[in-house]
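So you can see what is in the structure, the chains are spelled out below.
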Amino acid sequence: MLAATALLVAALIVVLVYVGSVVAGKKGVGEATEVFALSIGSGPAEIGYAEATEEEEAWGPWSFTVLKNGNVAILDAVNQRLLVVDQSGEERQSIAYEDLGLVSPVDLCEWWGRLAIAECSTSPEAVVLVDLDSRRREGQVELPDGLAEAGPRFMTASDGGLQLVLGMSESHRVTDGNKGHDVAKIKKAEPAVDMPGIGSVTVELASAPAEGESAIRLTRANERGKAARTVAVDDIPAERVEPLGSTRDGDLLAATAYFVNAGNGVQVKFYVEEFSRTDLGTSASVTVPTDEFYLWPERYLSVDQQGRIWCMVAQKDQVSFRILELGPERPDVTDGSVARGITALVRRVGGAIGSAVSPAEALADTDPPARSNPWTRASGKSVALNYGYLTWTCSSGAYYRSCNLADNIRPRNIYIGGVFTGVSYGWGKWTTPSTFKSSVEAGTYDAGDIGSTTVEPCVVGTDCSGLVSRIWGLSTKHSTTTLPAHAVLLADSTPLGNLAFGDVFDRTISPGRHVLCFNAYQGADTFYCCESTTRNNVDRVVFWTRSKAELLANSYHMYRYRHWTN
Amino acid sequence: MDVRTRTLLVGTLVAFVPMVISPALGCAGEMTATGPSEIVPVATASERTVDAEWPEGLQAVIGRTETSTGTYSVWRVTRDGDMLMDLPTNHVLATGERGTSIAYSDLDTGELHIWHPGKSSPEGVTSLDVPTSGEVLGDVLALSPDETRLALVRYEQVPGSTEGAEEAASVGHGFLVDLLTETVDRWEWLETVSDGVEVTALRWDPASNSVYVSLGPSGGSQGEKSYRYDPDTGESTKLYGVAAVLDVGPSGQIVGLGAAYSPSDLDYPTGLQYGHLPLILWADSQLVRLPREPSLTAWDSAWMSADGKTIVVRGSASGGSGESSCLEVLGLGDSGWELRSLFDGGGLMTVLYGVAFEPGTSSFYFQAGTPPATPGGAVTDVRLYGLDTITGQVSRHLELPGADADQYLQTLGIVGSGGEARR
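Protein chains in written order, with my numbering: chain A, 506 to 1071; chain B, 2 to 424.
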């Protein structure tokens, strides 16, 4: 049984790392701060624990995750249930595995408001999606062919995808569970990881570093393949470093975990690097008695909405949930004392892990708009309505990124099988609504791209100036800075009542270049508008309300297209 | 209402001879003054009438006006008169809280100018060169409240990239300017966090010790992640869960927009199909979602009082007469933040801009005018108003420069009678 084979590690405890607001060098090695603890048992808000037998090691809760609402969801394996408690330890939900069709779930995380649970006893092995509100199983994500046998083991989620670590021990494969294919591998002998969602990151594990040399190097490359930042971690024996994970909003968090025999217990240490910081390098450690029972550290970690990293400490009489702040000290590792390293890789929110797949052919986006003659404001409004109210279904091919993963960032509001309104924001694009719909529903192109460094040939959608170019009936796509050449600048004092559909508010200076289209008067300072935008994370063409005062305060100016025929 | 007017005639044209600054050798980005050069900015003091309803607690009001001829000026109004400075056509402007220095950059020349309204020529305007290698596409400026420091992020066109169907590729460089020594230093840290995203907001804390940076994708985003940076130590802290910093409180609290990692994280106004990034308060790494008046349908700016106990939010609210701009007041009560009031002008007034709290008081100043006589018309009689955030009482104050129908003005800041103020 997988559980039995996996529960090899006895008497360890986890400590973890808080990276969020800690400034390295300011704080000492932190103590784990207990938030709450649950008693061992099978009653409400209790967690099961099975004593060791001749056949099996002791075992208990299988994994946990801190939900976005602050509650904590736990795989209470012994009691065969999913337990949800709040941060005072009060039970909020208890759902039997059987009611969810689960047999032996091993890990869980929250993903787009649902609970994703890695199930390794089904055939093929899969990730089960559960809606906690309705207490129902919503469906499952199938693993790609050839990978199901390895089974999902460790998992983390983001709006960019569901990330799985497959397999055990020396070789760990990392894949995007939604993408449906094996996209990266990590082996001790082949320690290279590509994380295009945050640029390209490689992890180099020096084979025999001399004293003082870096044992691990993390290199982040920008979208052009140029190394943008390299972080070196010194003083760590090479054979004991492993990448651990990342924070949830984009910055790589590479950690090294040590299990050190401290005589009376086991010490666990983490070493953390974060790319966004200038003062890299922090660590934390704690020593726990060896009679505290097992630890499966990869699943005993969770990051909450505040960026704090939680750990679950399972003992014989209770299971406690703790937060640890990170201290500045570096690990003190003695040769021969390492019991076990952690190997897991989790990833950032947004973007997708994976090596680039063959880019789709570029969409012929040079077709001029179906321009009637004359081109009136009504013509433009018809175009805008088509963009804003287009309904489309997101196929898997449209959801997955299929080229330039470094800058091809999926719109934040779409998911596979979802029906959406409005053409997706696609930087540098001005795809017509009909082409957008047919392309994304057929899965031949990626729906939208909010990355604004390069224009991707595999993407369909429209950016803000692309939408206005279409509304104005231009034969080529213009940018925020070239649109005014076709327009008259209106004085800031122009009342909203003097504007008409097709007039635009354009900000031509960087950063924040943007243009939006006036739709209709609403109030003395507010008006209905149409724009393709990333504002409020909508990442699509939308009709809504804006404030003239706010726009003018942010260096927008009003323009009127010169060539309306009415 | 007892309204007195008086006519002011203050001075004549004053020409300022700026110090032209060029890069110093051997120190990256550091600048030194090399001597006077051309005469560029010209400040004027003009005759105008000032409404005598001058708020007791204010020393000066600062703002910007688009003139009737399509040019721009920045002004500082005091009880004694008003001074105006013409602005370049393409400019970015920043004010502090003392009213003695106003920073603006000329995007066409790349020069950074500091206008000192209280000084006469040649100290009236200081000009600094900012190291720039390509065409300037835009700046983001933030002047510290004590007006001794300036954070500047300059976006330049990437050499070789061309403007066409897409925007020209741009790259942002950060600079920290010491206005006392007139040195410009590269802010290299900024570039380590802004790869692939744009700076959407820069704010200083009230003590002028830390600068807050928000970053997000292009396309009108308000931001999706934020940092605090301490220029003295070079230390930075990521503010988890903060998408955009709107204002910084006295203890480093942040009023901002919360990061949304899924649609369920958004705040959905009643009756709308789309959600907004929620208004949040961040303090000591803890996030609290702020309460919201149900009729509030949008929010874009916020201010925290000097005692950290009151927040004013500018936004839009739906009511019987449709959508209107408004000010929402939140107060810190015994059980946390609670909604205190919502002011939408009641049909008698159109709220345009929030300005600042009067230092040390519960009075919040805002710019508003008389609603158009007919729908679609212009807002007239644009003035500075005061809102007592405790009682909800609104008081009418001075008429602002350039408040004619064919001009457009924005109040940028106020200066308290003690010399300190809030933007």
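What the hints contain is simulated information worked out from the structure, not anything from laboratory work.
Backbone N, C-alpha and C fix where the C-beta goes; we use that ideal spot for every residue, glycine too.
One or more of the hints may lead you astray.
Said to hold, decoys possible - For the chain B half of the interface with chain A, some residues (derived, Cβ under 8 Å), not all of them:
1. Thr110
2. Leu181
3. Ser296
4. Thr298
5. Leu349
6. Tyr354
7. Gly377
Said to hold, decoys possible - Listed next, the stretches of chain B that the computed footprint assigns to chain A, with coverage defined by at least 3 CB atoms under 8 Å from CB atoms of chain A:
8. 138-147
9. 195-208
Hints, one by one, checked against the model:
For the restraint placing B:Thr110 at the interface with chain A, the shortest Cβ-Cβ distance is roughly 14 Å, beyond the 8 Å limit, so the hint is violated. Against a cut-off of 8 Å between C-beta atoms, the interface hint on B:Leu181 is violated, since the closest Cβ of chain A lies about 25 Å away. Residue-level restraint check for B:Ser296 is violated (minimum Cβ-Cβ distance to chain A is 13 Å; threshold 8 Å). The beta carbon of B:Thr298 is positioned within 8 Å of a beta carbon in chain A (closest approach about 7 Å), and the interface hint is therefore held.
With a least beta-carbon distance of about 12 Å to chain A, the hint placing B:Leu349 at the interface is violated under the 8 Å criterion. For the restraint placing B:Tyr354 at the interface with chain A, the shortest Cβ-Cβ distance is roughly 6 Å, inside the 8 Å limit, so the hint holds. Contact between B:Gly377 and chain A, as hinted, is supported at the beta carbon level, the nearest pair being about 2 Å apart and thus within 8 Å. With a threshold of 8 Å between beta carbons, the proposed coverage of the stretch 138-147 of chain B by chain A holds, since 4 of its residues qualify and at least three are required.
Counting residues of the stretch 195-208 of chain B whose C-beta sits closer than 8 Å to any C-beta of chain A gives 5, which meets the bar of three, so the coverage hint holds.
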